[in-house]
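Following UniProt numbering, the numbering of the sequence shown begins with 1 at its first residue and continues without gaps.
Note that these hints are calculated values from the structure, not bench results.
We put the CB at the ideal spot given by N, CA and C, even for glycine.
Errors might be hidden in some of the hints.
The list that follows gives simulated cross-link-like pairs (lysine-lysine, DSSO-like), each with its CA atoms no further than 30 Å apart [claimed, not checked]:
{"hint": "1", "residue 1": "134", "residue 2": "147"}
{"hint": "2", "residue 1": "23", "residue 2": "52"}
{"hint": "3", "residue 1": "94", "residue 2": "134"}
Derived CB-CB ranges, DEER-like [stated by the list, open to error]:
{"hint": "4", "residue 1": "11", "residue 2": "32", "range": "27 to 33 Å"}
{"hint": "5", "residue 1": "61", "residue 2": "18", "range": "51 to 57 Å"}
{"hint": "6", "residue 1": "77", "residue 2": "138", "range": "27 to 33 Å"}
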Amino acid sequence: VIWRWWKISLRVESRNTTPGETKESHADYLDDSRLQSQVAMVFGSHILEYSKKICQGHYDYLPRLPDDLLLNITAHLDLEDVARFARTCHRFKKICSSEEFWEQTVRMYCDTVTAGMEDLAKEVGWRTIFFTNKLQLQKQISRRKLKNKTPHTGGVDSAVLVPVSTGMPTDRQHSDGD
1 VIWRWWKISL
11 RVESRNTTPG
21 ETKESHADYL
31 DDSRLQSQVA
41 MVFGSHILEY
51 SKKICQGHYD
61 YLPRLPDDLL
71 LNITAHLDLE
81 DVARFARTCH
91 RFKKICSSEE
101 FWEQTVRMYC
111 DTVTAGMEDL
121 AKEVGWRTIF
131 FTNKLQLQKQ
141 ISRRKLKNKT
151 PHTGGVDSAV
161 LVPVSTGMPT
171 DRQHSDGD
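Whenever a hint applies, use it, and build me the whole structure from the sequences.
As structure tokens, this is what we get:
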């Protein structure tokens with residue numbers, strides 16, 4: 001731990017004062033209540049606790065990563081592991097429930113994502129697309145085409161959805177309370 005300070009003064013004799021510095025090992029910092037009180041006074045108790053946790057080796061860096069990097073990490077996990085990851089904290093649950101995550105997952109598990117599927121996903125959500133079987137998707141896209149009377153090229157025929165048990169509750173389970 002390195003603690004640096006600068007003396008600020010209007011006095012002429014203090015103008016050329018060099019900054020002060022204290023270097024301590026993590027163990028010495030944890031025992032130095034004077035230095036800890038200075039850290040708390042300047043930065044607040046939150047930063048003091050943060051610095052003590054780092055020195056004790058108990059700090060988890062994963063929650064400090066940006067959302068886009070966490071989404072990238074989840075792309076490399078099995079869906080069962082994503083379900084476990086989502087249960088560790090509220091932020092991870094929010095990321096694993098986001099439209100971005102489910103779009104990434106559908107695109108990863110499907111051979112082809114057609115324009116019709118993308119349009120339907122805007123309406124019902126990517127999570128619903130992921131958990132809907134191929135036949136149901138074809139029916140929904142056909143109904144949507146008839147309803148909107150706009151021709152779409154390509155069908156779901158080339159898309160292959162892989163049914164996977166994720167351990168994550170589906171939307172129906174949420175609404176029915178199962």
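Now the hints, each set against the structure:
1. The suggested pairing of residue 134 with residue 147 holds, with an alpha-carbon distance near 20 Å, which does not exceed 30 Å.
2. A hinted pair counts as satisfied when its Cα atoms are at most 30 Å apart, and residue 23 with residue 52 qualifies at roughly 15 Å.
3. Distance check on the hinted pair: residue 94 and residue 134 sit about 27 Å apart at the alpha-carbon level, within 30 Å; holds.
4. The hinted range of 27 to 33 Å is satisfied by residue 11 and residue 32, whose Cβ atoms lie roughly 29 Å apart.
5. Between residue 61 and residue 18 the beta carbons are some 34 Å apart, a value that contradicts the proposed interval 51 to 57 Å.
6. The given range of 27 to 33 Å is respected by residue 77 and residue 138, whose C-beta atoms sit roughly 29 Å from each other.
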